Amino acid sequence: MSFVKDIQKVLRQNIREYGMFIALFVIMAIFTITTKGIFISSRNISNLLNQTGYIAVLGVGMTLVIVIRHIDLSVGFLAGFLGAVAAIAMEFWGLPVYVVIPFALALGALAGSITAFLVAQMGIPAFVATLAGWLIYRGAILVVTEGTGTIIISSDAFNALGNGFIPDIPGLNFLPEVHKLTLLLGIITMILFVISEINSRRRKQAYNFEVLPMNVFTLKLVFASLVIAGITWVLSGYNGLSWTVVIVLIVVAIYHFVSTQTVLGRHIYAIGGNPEAAELSGVNVKKITYVVFSSMGMLSALSGMLFASRLQSATTTAGNLFELDAIAAAFVGGVSAAGGVGKVTGAIIGALVMMSLSSGMNLMGIGIAYQYMVRGAVLAAAVIFDVATRSTGK
Amino acid sequence: MKPPILEMRRITKEFPGVKALDDVSFQVKKGEIHCLVGENGAGKSTLMKVLSGVYPHGEYAGEIVFEGEIQEFGSISDSEQAGIAIIYQELALIPDMAIFENIFLGHEIGNGFTINWNETVKRAGEMLEKVKLDVNPATKVKDLGVGKQQLVEIAKSLSRDVKLLILDEPTSALNEDDVENLFDLLRDIKDQGVTCVLITHKLKEVIEIADAVTVLRDGKTVCTLDAHEGEVSESVLIRHMVGREIEDIYPKRQHQIADEIVLEVNDWTAYDPNIGRTVFESVKFNLRKGEIVGFAGLMGSGRTELARSIFGNPDKYKTSGNVYIKGSKKNFRHPQESIAAGVAYVTEDRKKNGLILIQDVKQNITLANLKEIARRGVVDDNAEIKVATDYKDSLGIKTPSIEQKVENLSGGNQQKVSVAKWLYVQPEILILDEPTRGIDVGAKFEIYTIMNQLVEQGMSIIMVSSELPEILGMSDRVYIVSSGKITGEMPIEEATQENIMHMATLN
Chain E
1 MSFVKDIQKV LRQNIREYGM FIALFVIMAI FTITTKGIFI SSRNISNLLN
51 QTGYIAVLGV GMTLVIVIRH IDLSVGFLAG FLGAVAAIAM EFWGLPVYVV
101 IPFALALGAL AGSITAFLVA QMGIPAFVAT LAGWLIYRGA ILVVTEGTGT
151 IIISSDAFNA LGNGFIPDIP GLNFLPEVHK LTLLLGIITM ILFVISEINS
201 RRRKQAYNFE VLPMNVFTLK LVFASLVIAG ITWVLSGYNG LSWTVVIVLI
251 VVAIYHFVST QTVLGRHIYA IGGNPEAAEL SGVNVKKITY VVFSSMGMLS
301 ALSGMLFASR LQSATTTAGN LFELDAIAAA FVGGVSAAGG VGKVTGAIIG
351 ALVMMSLSSG MNLMGIGIAY QYMVRGAVLA AAVIFDVATR STGK
Chain F
1001 MKPPILEMRR ITKEFPGVKA LDDVSFQVKK GEIHCLVGEN GAGKSTLMKV
1051 LSGVYPHGEY AGEIVFEGEI QEFGSISDSE QAGIAIIYQE LALIPDMAIF
1101 ENIFLGHEIG NGFTINWNET VKRAGEMLEK VKLDVNPATK VKDLGVGKQQ
1151 LVEIAKSLSR DVKLLILDEP TSALNEDDVE NLFDLLRDIK DQGVTCVLIT
1201 HKLKEVIEIA DAVTVLRDGK TVCTLDAHEG EVSESVLIRH MVGREIEDIY
1251 PKRQHQIADE IVLEVNDWTA YDPNIGRTVF ESVKFNLRKG EIVGFAGLMG
1301 SGRTELARSI FGNPDKYKTS GNVYIKGSKK NFRHPQESIA AGVAYVTEDR
1351 KKNGLILIQD VKQNITLANL KEIARRGVVD DNAEIKVATD YKDSLGIKTP
1401 SIEQKVENLS GGNQQKVSVA KWLYVQPEIL ILDEPTRGID VGAKFEIYTI
1451 MNQLVEQGMS IIMVSSELPE ILGMSDRVYI VSSGKITGEM PIEEATQENI
1501 MHMATLN
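As they're listed, the protein sequences go chains E and F.
The working numbering puts the last residue of the first sequence at 394; the count rises by one with no breaks.
The working numbering puts the last residue of the second sequence at 1507; the count rises by one with no breaks.
FYI, nobody ran anything at the bench for these hints, they're computed from the structure.
Quick caveat, the model's predicted, so the values are computed rather than measured.
Note that the Cβ used here is the ideal one computed from N, Cα and C, for glycine as well.
Some clues are possibly wrong.
[Stated by the list, open to error] Derived Cβ-Cβ restraints for the label pairs, each shown as a range:
no.: 1; chain 1: E; residue 1: Ile30; chain 2: F; residue 2: Lys1019; range: 41 to 49 Å
no.: 2; chain 1: E; residue 1: Gly123; chain 2: F; residue 2: Phe1113; range: 32 to 40 Å
no.: 3; chain 1: E; residue 1: Gln121; chain 2: F; residue 2: Asp1188; range: 28 to 36 Å
no.: 4; chain 1: E; residue 1: Gly123; chain 2: F; residue 2: Lys1202; range: 34 to 42 Å
no.: 5; chain 1: E; residue 1: Phe209; chain 2: F; residue 2: Gly1058; range: 33 to 41 Å
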């Protein structure tokens, strides 16, 4: 039975990578059973993904911050503050949405670069520098919402970010209950995925590099295709892809590409692995620190806008505890506190795990007090798993 | 015939895919100094980790008999309890604590709840006397030199009634005086009945101090020699270690040194604001194309600082003076700029600041020159693998795969990865800081061969080394550094161990 052995070997070598997928799968399966299928319903999954969006983008940025051995506690209230600024810019200054979004993102990047200045230039520990930011932005939200309290956002375009769905292809009458464009995009994604996997395998073989055995490779393709098909089917059964999911996918795609394929990404992970060696290898540690914190600030702005859009308003408590959810998502997603290890795609899975727990337990009617405890236990378990498998990984 | 204090019988320890120890037997007699030698990867450290309980009973096959009883150590504290202490290359002291705190750390003197500091200081003083270290026990460990820190470490072991003291490469960071002190002390504590096991690469030291020597090769015991039977000489040991006689461990080279001066440094002074002192002063030297220039001197004489100040000054020294690369004046503010100007620097401590241990071989090799394999900022994975494979083959890096994490390689192979990284930036000037520290004879020979090939191709090399034979065997010209000043310069023909050592101890 060499096939089974192959699979066992691949699983053992990549247990860290596959572990969280398995965990997510198990969690979803359990909730599907305990809620008699409500959890996996199109409507619930669609909601779940939309709720995950604003934490997921923070988790992506947080992963890179933790990879370079820092932390950012200020992101929650920064997100809340910039969401409020965006609301004010639209409602009181009358700026159009297409100006407000880039403006808020730029402000976020600026805020991040201030943090980077404190950390990289002044040598203040990130924990302290961003704790200061946490206090300052918390105050800032209160200041800007002081006169008005909650600011209701009237722009439909902006509110669509957190609540809207991509339009369907007009004029198609078959399958009336199904969102056809979503289905089509899903199929295209599946085909592109298969083609790119086959190409990459072929290129590696051309160089005589080690590749997965053919049967395991086929199994992987079939399994991944089934997952994509499943998600597509579930989503197209409700309103289709939401704009939030589209935005998150774009962010993840960009960050995944940058972190794995570019010189910038390599430099980030090199600094995380050994900052001194990286510096002596010609990597500009200060510059990279600026880039990572600025990106974190920018993603905070995005997160803040997604959240404001979802509530269709900016509130005085927006952003509360986001930073801790983002840090939890990053750790559940496999980032190492020692630096240098962790994938941005892991943060998305981590965010999904944490949100699935909330969603599932809500559906089961479990009280919020117990929800916190369960999520805490899962976070601890994830890190224990990470530590335990570190030595056996390749 | 003295009875054995320690007997390790038929020890076998496997890691996934590797048999690190294969049926090793190791016997140490009571009250002797027993040296354990072997190439890197021969299994010395693994054997000691089995002994000390780092790999607990059950993870290895075979048995350990200590003081006549079969031991099953489940952890380091078990072996400490039995009277075995190991002092590692990287010292396990806490720099910001005083000597007396360090000595009794983990077995504080007191009533179990509060510490009796007066008694602690008094006992620490007695321990320091035992190791002949004449400093105030309240001194912070970070204010001591490496040699003295090592003595503190030994005092710490002695304070625990150690019966078997194991020292792993104790002399790699010491200068000759400190080594002598250490050896005197080891002979002393031997007379007090403490048995010592010494792991070392330096064969001269083995011959000087050992009562018995055990040689390991490829995870197997080759032989145990009795030094008092006259069996031990350097060539015999090398033959056992590598399985062949190395006639000359310094390969010959055929090369032309051009007249062209590629690096010239004048009146170069650096002040380190962090520690508040001048690290070197009015240094003047030059380097010609195709030349290997050795920088000899004792530890802490300022050679590493000098190298780093030229290589982009990452420590932010305040410098004055002039550095010319191929005739044009340079003022590097970041290693990046030095690399761009064709200068590369292989650090003295590859684990601390040379390599990214958690990354794989290929990522380490390409790190300093990623732009070469990237187009518009995107790294070409296939090109990278090709580059790494080329260097793996040309430098003979022994690794199962270029996707192996560097932390899993032996010291010699790690050093080759370090060198490969810097060769890939295609420098004209290569600074090698202690290029063969902590690596075995076979790997040393390979590193030297690579150096020869490089200068034959026209590269210029600065070699900072604390090993005099290496300086004499490899350099074309030697500068001697002492206390931050260049105290001598001589062509290799005039250099001897004696005159270099003389100049290195001036000031």
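The hints, checked one at a time:
1. Checked against the given bound of 41 to 49 Å, the beta carbons of Ile30(E) and Lys1019(F), roughly 43 Å apart, stay inside it.
2. With their beta carbons about 39 Å apart, Gly123(E) and Phe1113(F) fall inside the hinted range of 32 to 40 Å.
3. Remark: the range hint 28 to 36 Å for Gln121(E) to Asp1188(F) is contradicted by a beta-carbon distance near 52 Å.
4. Between Gly123(E) and Lys1202(F) the beta carbons are some 40 Å apart, a value that agrees with the proposed interval 34 to 42 Å.
5. One distance hint, 33 to 41 Å for the beta-carbon pair Phe209(E) and Gly1058(F), holds here, with the actual separation near 37 Å.
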